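So the chains spell out like this:
Number of protein chains: 2
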Amino acid sequence: MKTVTAAILVIGDEVLSGRTRDANTQVLAKALGAVGVQLREARAIADDEDTIIEALNALRTRFDYVFTSGGIGPTHDDITAEAVGKAFGARVTIREDARALLENHYGDRINEGRLRMARIPDGADLIDNPVSIAPGFRIENVFVMAGVPRIFAVMLDAVLPTLEGGGVVGEVSLPCSVPEGELSAPLGAVADKHPKVSIGSYPRMKPEGGFAVTLVARSVDAEALAAAEADLRALLVEMA
Amino acid sequence: MKTVTAAILVIGDEVLSGRTRDANTQVLAKALGAVGVQLREARAIADDEDTIIEALNALRTRFDYVFTSGGIGPTHDDITAEAVGKAFGARVTIREDARALLENHYGDRINEGRLRMARIPDGADLIDNPVSIAPGFRIENVFVMAGVPRIFAVMLDAVLPTLEGGGVVGEVSLPCSVPEGELSAPLGAVADKHPKVSIGSYPRMKPEGGFAVTLVARSVDAEALAAAEADLRALLVEMA
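Chains A and B supply the protein sequences, listed in that same order. Quick note on this note's numbering: the first sequence kicks off at 1 and runs consecutively. Quick note on this note's numbering: the second sequence kicks off at 1 and runs consecutively.
The hints are simulated quantities; they were obtained by calculation from the structure and are not laboratory data. Heads up, none of these hints are tricks.
Listed below are the simulated DSSO-like cross-link pairs for lysine-lysine, each with C-alpha atoms no more than 27 Å apart in a straight line:
id: 1; chain 1: B; residue 1: K2; chain 2: B; residue 2: K196
id: 2; chain 1: A; residue 1: K30; chain 2: B; residue 2: K206
id: 3; chain 1: A; residue 1: K30; chain 2: A; residue 2: K206
id: 4; chain 1: A; residue 1: K196; chain 2: A; residue 2: K30
id: 5; chain 1: A; residue 1: K86; chain 2: B; residue 2: K196
id: 6; chain 1: B; residue 1: K86; chain 2: A; residue 2: K196
id: 7; chain 1: A; residue 1: K206; chain 2: B; residue 2: K30
id: 8; chain 1: B; residue 1: K2; chain 2: B; residue 2: K193
id: 9; chain 1: B; residue 1: K196; chain 2: B; residue 2: K30
id: 10; chain 1: B; residue 1: K30; chain 2: B; residue 2: K2
id: 11; chain 1: A; residue 1: K30; chain 2: A; residue 2: K2
id: 12; chain 1: A; residue 1: K196; chain 2: A; residue 2: K2
Note that the structure is a prediction, hence the values are computed from the model and not measured.
Build the full structure now, drawing on both the sequences and the hints.
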């Protein structure tokens with residue numbers, strides 16, 4: 001089963017200033033995982049054309065799919081479509097198919113600002129936006145989508161059936177009452193025994209103090225995952 | 001006033017699998033902003049040594065400061081310290097100062113796994129961790145910190161006074177009842193008039209439907225920011 005990878009490029013000063021917390025990465029990670037696409041990098045950058053072009057070109061050559069979020073609205077700070085066009089060396093114009101969608105939606109409230117949302121690079125296909133109509137677009141392996149989470153989510157719904165996934169990574173989570181520091185050696189032994197399975201140990205602080213630990217095993221190989229799970233469960237019983 | 005920049009490298013499969021949502025970026029962004037350091041990139045990557053080394057070397061040469069979160073615990077999947085050492089060509093050993101902290105804390109519960117948390121690259125300085133003792137470390141312009149948010153936060157508290165900041169970016173947020181598409185042209189004109197100020201328009205969906213918009217102006221130049229704010233307020237009155 002082949003491995004299919006993806007990255008997300010979160011475009012927008014608002015995440016880097018701390019004004020907002022990115023929500024799209026987690027939604028994308030889960031949705032992609034379910035169709036056999038593994039999210040391998042999430043990169044948030046500022047609304048700066050050169051930065052967008054450089055990051056996009058780095059990611060689109062490295063991963064099978066790249067998703068961008070943000071910067072496709074009607075205002076002057078929405079520069080994603082232009083930057084994506086430049087990254088691909090593609091001309092960006094007001095496309096008739098996108099213009100028709102917006103004119104039909106806005107009627108006589110259409111204006112120059114709203115028509116900015118019809119600016120699409122040559123060679124791109126539109127991505128449906130049933131929530132607020134202004135489309136996203138796909139160009140080669142890059143999906144350019146809105147930053148507003150509800151719109152990102154509906155664009156993702158439109159895009160998911162078009163992806164060619166690989167093996168789906170199965171995941172098993174086991175709560176663990178043993179401190180990580182005592183688990184280290186035997187857990188490492190289990191991990192060594194199951195090279196096809198990625199085994200992680202995730203501590204978090206409990207509100208009342210001290211740590212709770214979750215063991216997570218992940219693999220595209222269901223049989224290998226089941227074998228690792230059995231060994232992890234046995235380890236937890238033994239150490240309890 | 002000089003510009004001082006930073007990036008965060010979030011290390012860990014758990015963010016990319018969608019199991020957890022990164023919280024440290026927002027905390028870091030706000031804290032750095034207050035001391036005049038601008039977060040310019042946030043990159044989440046998997047627990048993979050080559051990936052960590054490559055990303056860290058890209059970021060540490062590009063930004064004044066780099067903060068990493070995650071992968072410095074006691075278990076086999078905690079590989080950040082080794083990877084950071086390799087990125088710098090620095091040997092990583094169990095350091096006596098870190099060992100002393102851990103032995104003092106754990107007493108006779110010290111073991112090989114817990115001593116993994118004393119593995120520190122040559123030339124690094126320890127970062128205090130009053131919550132769970134195992135230290136982070138600073139090597140050159142890179143701060144290697146824990147992923148658990150409460151520990152990341154206390155390490156950040158320890159580190160902030162040591163940073164040399166530049167101009168602090170002031171921020172003004174104005175709620176706006178005008179739809180973005182109608183605001184586009186006049187807002188662009190205000191942005192053109194104030195080149196020292198970054199003006200953004202951030203839509204979000206209201207629970208009852210439709211969008212709410214926030215205008216945000218940001219600048220290190222307080223006078224320029226005040227002038228832009230006055231023009232934005234006038235624009236909002238005019239369009240209301």
